[in-house]
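Keeping the supplied structure of chain A fixed, place chain B upon it in accordance with the hints.
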Amino acid sequence: MRKRDITFRVGGAAGDGVSSTAESFAKISARSGLHSWTYSSYQSVIRGGHVWTQIRGGLDPIYSHGVDPDVVVALNQQTMDVHQGDVVEGGAIVFDVDGTKPDPKKLRGNVRLIGIPLRKKAQTLSQNALMRNTVALGAVVRLFDLDFRHVESAFKDIWGDKKPEIVQQNIEAAKLGATEVDAQGGSLNYALPYTNEPRYLMTGNEAMCLGALAAGVKFLAQYPMTPASSILHWMAAHGPKYGVVVKQVEDELAAMNMTVGAGFAGVRAMTATSGGGFSLMVEALGQAGMTETPLVAILVQRSGPSTGLPTKTEQGDLNLALGAGQGDWPRAILAPRHPEDCFRLTAQAFNLAEIYQTPVILISDLYLGEGFRTVEKFEFNVPIVRGMMAADGGTVKEFRRYLITESGVSPRALPGTKGFQHIAATDEHMESSELISDVLAGLPEHVEERRKMHEKRMRKLEGLRKDTPRPELWGPRNADLTLILWGSTWGAAHEAILRVDESEGVKVNSLEFPTLFPFHVDETEQLLRGVKQTLAIEGNYTGQFTRLLRAETGYKPDHFYGKYDGEPFTWRDIADKILEAVA
Amino acid sequence: MKTAFEMDTYKSEIKPTWCPGCGDFAVLRALQTAIHALQLEPWNVVIVSGIGCSSNLPHFLSTYGFHAIHGRAVAVAEGTKLANPDLHVIVTGGDGDGYGIGVGHFIHAMRRNFDITYIVMNNQIYGLTTGQASPTSEKGMKTKSTPIEGVIENPVDPISLALASGATYVSRTFSGDVKTMADLVKGGIEHHGFSLIDCLSPCVTYNKVNTYDFFRGRVYDLQKEGHDPTDMKAAFAKAIEWPMVQRDRIPLGLFYRNDDMPTYEDLEPALKKGPPVRQPLGVEDPEALMAEFL
Numbered sequence: 001m002r003k004r005d006i007t008f009r010v011g012g013a014a015g016d017g018v019s020s021t022a023e024s025f026a027k028i029s030a031r032s033g034l035h036s037w038t039y040s041s042y043q044s045v046i047r048g049g050h051v052w053t054q055i056r057g058g059l060d061p062i063y064s065h066g067v068d069p070d071v072v073v074a075l076n077q078q079t080m081d082v083h084q085g086d087v088v089e090g091g092a093i094v095f096d097v098d099g100t101k102p103d104p105k106k107l108r109g110n111v112r113l114i115g116i117p118l119r120k121k122a123q124t125l126s127q128n129a130l131m132r133n134t135v136a137l138g139a140v141v142r143l144f145d146l147d148f149r150h151v152e153s154a155f156k157d158i159w160g161d162k163k164p165e166i167v168q169q170n171i172e173a174a175k176l177g178a179t180e181v182d183a184q185g186g187s188l189n190y191a192l193p194y195t196n197e198p199r200y201l202m203t204g205n206e207a208m209c210l211g212a213l214a215a216g217v218k219f220l221a222q223y224p225m226t227p228a229s230s231i232l233h234w235m236a237a238h239g240p241k242y243g244v245v246v247k248q249v250e251d252e253l254a255a256m257n258m259t260v261g262a263g264f265a266g267v268r269a270m271t272a273t274s275g276g277g278f279s280l281m282v283e284a285l286g287q288a289g290m291t292e293t294p295l296v297a298i299l300v301q302r303s304g305p306s307t308g309l310p311t312k313t314e315q316g317d318l319n320l321a322l323g324a325g326q327g328d329w330p331r332a333i334l335a336p337r338h339p340e341d342c343f344r345l346t347a348q349a350f351n352l353a354e355i356y357q358t359p360v361i362l363i364s365d366l367y368l369g370e371g372f373r374t375v376e377k378f379e380f381n382v383p384i385v386r387g388m389m390a391a392d393g394g395t396v397k398e399f400r401r402y403l404i405t406e407s408g409v410s411p412r413a414l415p416g417t418k419g420f421q422h423i424a425a426t427d428e429h430m431e432s433s434e435l436i437s438d439v440l441a442g443l444p445e446h447v448e449e450r451r452k453m454h455e456k457r458m459r460k461l462e463g464l465r466k467d468t469p470r471p472e473l474w475g476p477r478n479a480d481l482t483l484i485l486w487g488s489t490w491g492a493a494h495e496a497i498l499r500v501d502e503s504e505g506v507k508v509n510s511l512e513f514p515t516l517f518p519f520h521v522d523e524t525e526q527l528l529r530g531v532k533q534t535l536a537i538e539g540n541y542t543g544q545f546t547r548l549l550r551a552e553t554g555y556k557p558d559h560f561y562g563k564y565d566g567e568p569f570t571w572r573d574i575a576d577k578i579l580e581a582v583a
Numbered sequence: 584m585k586t587a588f589e590m591d592t593y594k595s596e597i598k599p600t601w602c603p604g605c606g607d608f609a610v611l612r613a614l615q616t617a618i619h620a621l622q623l624e625p626w627n628v629v630i631v632s633g634i635g636c637s638s639n640l641p642h643f644l645s646t647y648g649f650h651a652i653h654g655r656a657v658a659v660a661e662g663t664k665l666a667n668p669d670l671h672v673i674v675t676g677g678d679g680d681g682y683g684i685g686v687g688h689f690i691h692a693m694r695r696n697f698d699i700t701y702i703v704m705n706n707q708i709y710g711l712t713t714g715q716a717s718p719t720s721e722k723g724m725k726t727k728s729t730p731i732e733g734v735i736e737n738p739v740d741p742i743s744l745a746l747a748s749g750a751t752y753v754s755r756t757f758s759g760d761v762k763t764m765a766d767l768v769k770g771g772i773e774h775h776g777f778s779l780i781d782c783l784s785p786c787v788t789y790n791k792v793n794t795y796d797f798f799r800g801r802v803y804d805l806q807k808e809g810h811d812p813t814d815m816k817a818a819f820a821k822a823i824e825w826p827m828v829q830r831d832r833i834p835l836g837l838f839y840r841n842d843d844m845p846t847y848e849d850l851e852p853a854l855k856k857g858p859p860v861r862q863p864l865g866v867e868d869p870e871a872l873m874a875e876f877l
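As you go down the protein sequences, you meet chains A and B in turn. All the letters of the first sequence, read from the start, carry residue numbers 1 to 583 under the working numbering. All the letters of the second sequence, read from the start, carry residue numbers 584 to 877 under the working numbering.
Bound conformation, chain A alone (with noise of 0.2 Å):
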């Protein structure tokens, strides 16, 4: 078979600048027309350390990062111990023949070693120590027989036109190495027909960035922390332009506070955080319930407890985000698998938010927020419902904030319109706002008025049930075995579906929940219906989601494939336990 996609890797210590030559590979393969994805793998370090890159890119769609590299460029020893024996027979591995060695018994069939001087050739033009760098990624540009001239503009992009020396430097430097390839044998001769028509490139952080300016985004109040920080550094250098106060803040505490201010205020207002971070978050988000402000938080989850693995990947804030504040409070919970749906439910997530007056959490993860992917081009034009408003010319005695009704939603004024004036209150409280709690509360009539209360806001998650995205069934309908999952898993799950079926013939679907609450339990047993056995799959080790897919419906699933080492899941991971499962 031909091949139709290629996988590069790229290590090194955090400092050597692994990031930055990933990130000119991941421009270079979208550009040259290739559906792109990428994984880094990186520490809690600024300098030292083992930080490596994969990225692949394929003439069709792709789902995952894929698993064995066709090359990897080793920029220090441990890269090469690590990594030598990953790469696939025929490929190649480029290292600095000063100072790093390759142990031929661990290499897999007939992978060449190209040994390049690479400090010793960028000296010849350079004397910084980072164009190493650019010598090894001409070589891989020329191993895999990508264009130069995508070359060229990855290099304008990181130092524009206001340093054309450096752009050309860096230029002459990547033809060293793509020389170099040349008088050790020359390219791969994979001869992929590459189309040359660029592909967008970015994050999933990027893509809800992007899907809130298209809602209308005005405000974003963010404290920094890995993975989320790349949606505050993104907005806050173009945010402005579109009218978006971007406020870096002391604490996630006043992140969550300020974007209650502001959805009080009347701007579609949101914040961005990790689980750290969101659970300082917790208490004034229960505020936003109870005061029935909208607002909409992002959730990209890394490895937990505490702390945790900063940099590392996981889907274990689940019951975080369901069980976020105390008392009962109504919630959406949406989780994003891949950018488009970063970008659509983000949208989606500021409707939602106004309509029902309450906060919506989309919950996403370190795999998908920072991972690069490449997408079809986004349809900005995406309706905006702003939910029940009060107009002018209202009675501050007659209006009732809080007004009991059918659907739980009341009409919503924001100060500065005349008459409406009222008190939005965390406090219980009565439809004026008036407090229960100070001198009312165990009176009979107010135990009653409580009650009431509390079912009028509760009765919100029956419109949110109806309005959010459905679970989806993904693959053939008569399946041997259904997968059950949720968020990022998509991707390494999709592409294990389809080798299962092209190496084994065994059939396998996917039934996934881009809402995980309020949860569509009549869906959701309609197509569990239908289905052989299943294997859930989740990035924690409890089955949060698991657990509450039994909770709302009694069904267990019949295999549990539970991961939390930090690393996302592989399609080789699941096709694995698929076969395991169905054997």
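Keep in mind that the hints were calculated from the coordinates and are not lab data. Take the hints with a grain of salt, since some may be wrong.
Stated by the list, open to error - With a cut-off of at most 20 Å between alpha-carbon atoms, the simulated EDC-like pairs for lysine to aspartate or glutamate come out as follows:
{"#": "1", "chain 1": "A", "residue 1": "241", "chain 2": "B", "residue 2": "849"}
{"#": "2", "chain 1": "A", "residue 1": "397", "chain 2": "B", "residue 2": "591"}
{"#": "3", "chain 1": "A", "residue 1": "418", "chain 2": "B", "residue 2": "736"}
{"#": "4", "chain 1": "A", "residue 1": "452", "chain 2": "A", "residue 2": "438"}
{"#": "5", "chain 1": "A", "residue 1": "377", "chain 2": "B", "residue 2": "875"}
{"#": "6", "chain 1": "B", "residue 1": "594", "chain 2": "B", "residue 2": "766"}
{"#": "7", "chain 1": "A", "residue 1": "397", "chain 2": "B", "residue 2": "624"}
{"#": "8", "chain 1": "B", "residue 1": "594", "chain 2": "A", "residue 2": "434"}
{"#": "9", "chain 1": "A", "residue 1": "105", "chain 2": "A", "residue 2": "89"}
{"#": "10", "chain 1": "A", "residue 1": "418", "chain 2": "B", "residue 2": "589"}
{"#": "11", "chain 1": "A", "residue 1": "418", "chain 2": "B", "residue 2": "624"}
{"#": "12", "chain 1": "B", "residue 1": "769", "chain 2": "B", "residue 2": "698"}
{"#": "13", "chain 1": "A", "residue 1": "156", "chain 2": "B", "residue 2": "875"}
{"#": "14", "chain 1": "A", "residue 1": "377", "chain 2": "B", "residue 2": "870"}
{"#": "15", "chain 1": "A", "residue 1": "377", "chain 2": "B", "residue 2": "867"}
{"#": "16", "chain 1": "A", "residue 1": "241", "chain 2": "B", "residue 2": "868"}
{"#": "17", "chain 1": "B", "residue 1": "598", "chain 2": "A", "residue 2": "438"}
{"#": "18", "chain 1": "A", "residue 1": "241", "chain 2": "B", "residue 2": "870"}
{"#": "19", "chain 1": "A", "residue 1": "241", "chain 2": "B", "residue 2": "766"}
{"#": "20", "chain 1": "B", "residue 1": "598", "chain 2": "A", "residue 2": "398"}
{"#": "21", "chain 1": "A", "residue 1": "241", "chain 2": "B", "residue 2": "875"}
{"#": "22", "chain 1": "A", "residue 1": "397", "chain 2": "B", "residue 2": "589"}
{"#": "23", "chain 1": "A", "residue 1": "418", "chain 2": "B", "residue 2": "669"}
{"#": "24", "chain 1": "A", "residue 1": "377", "chain 2": "B", "residue 2": "804"}
{"#": "25", "chain 1": "B", "residue 1": "594", "chain 2": "A", "residue 2": "398"}
{"#": "26", "chain 1": "A", "residue 1": "377", "chain 2": "A", "residue 2": "60"}
{"#": "27", "chain 1": "B", "residue 1": "598", "chain 2": "A", "residue 2": "428"}
{"#": "28", "chain 1": "B", "residue 1": "598", "chain 2": "A", "residue 2": "434"}
{"#": "29", "chain 1": "A", "residue 1": "418", "chain 2": "B", "residue 2": "591"}
{"#": "30", "chain 1": "B", "residue 1": "598", "chain 2": "A", "residue 2": "89"}
{"#": "31", "chain 1": "A", "residue 1": "241", "chain 2": "B", "residue 2": "851"}
{"#": "32", "chain 1": "A", "residue 1": "162", "chain 2": "B", "residue 2": "875"}
{"#": "33", "chain 1": "A", "residue 1": "241", "chain 2": "B", "residue 2": "867"}
{"#": "34", "chain 1": "A", "residue 1": "507", "chain 2": "A", "residue 2": "480"}
{"#": "35", "chain 1": "B", "residue 1": "762", "chain 2": "B", "residue 2": "591"}
{"#": "36", "chain 1": "B", "residue 1": "598", "chain 2": "A", "residue 2": "427"}
{"#": "37", "chain 1": "A", "residue 1": "397", "chain 2": "B", "residue 2": "596"}
Here is chain B on its own, set in the frame of chain A:
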């Protein structure tokens, strides 16, 4: 022609729930007097509070309000102000709310110099939770949570803290003098920048030390003694008089005022287009935006 708002326009139907004699009645009256004197449109005023006896205050006025969770009123107010800088945003609360659980937001709001007025009803005790020590309780004071030795930590000095943190209008008043209090609150609302009005507001139920009589015998007016509020060094010197140095003379009035400092809103780039709440939603140049990712 615009009709003038009556004093009663600003009053709500809800009667205060405070104990008879509570210093907070004076603060409510002073705030109502100040916004009446300024003839603010009640729908353009937002009063944000936290949790505690004093934080019920927004319910007793007929403006917009947000009765937030404990300690977070200032942060909520910052979000509201950024979303709609045209609003007059006033924060009311107690010493536990602002100087204890919420002290982080207090400091950061001041260094940002938001155009927000913060009125703290400082009674040096936790009232609503029935009498525990507060961050401003005097050393040695016996409370439910310090029954043996009394308070053994030093009190927070909000005035010095505000000066050090960058507030541009720093004042202290006393519930025994509503007229002066109203003047200082009015000055704070008019001030373009962060204003702190620390109100010594006795708790008649749980604080038997810092009573009306305690203060009446000790307070003096800074302005009558010729203090220059534009002199920050002099302001610090006055600030540390009480409770840091002695407890016989307690300065009241305007410690510090700086009218030349730009506010956060003045400098925030996104606000140059006008209040975010009135900006159109969506993206007009999706092609250009997507092109950045090619």
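Checking each numbered hint in turn, tell me which of them this model violates, lowest number first. Those not satisfied are hints 3, 19, 24, 30.
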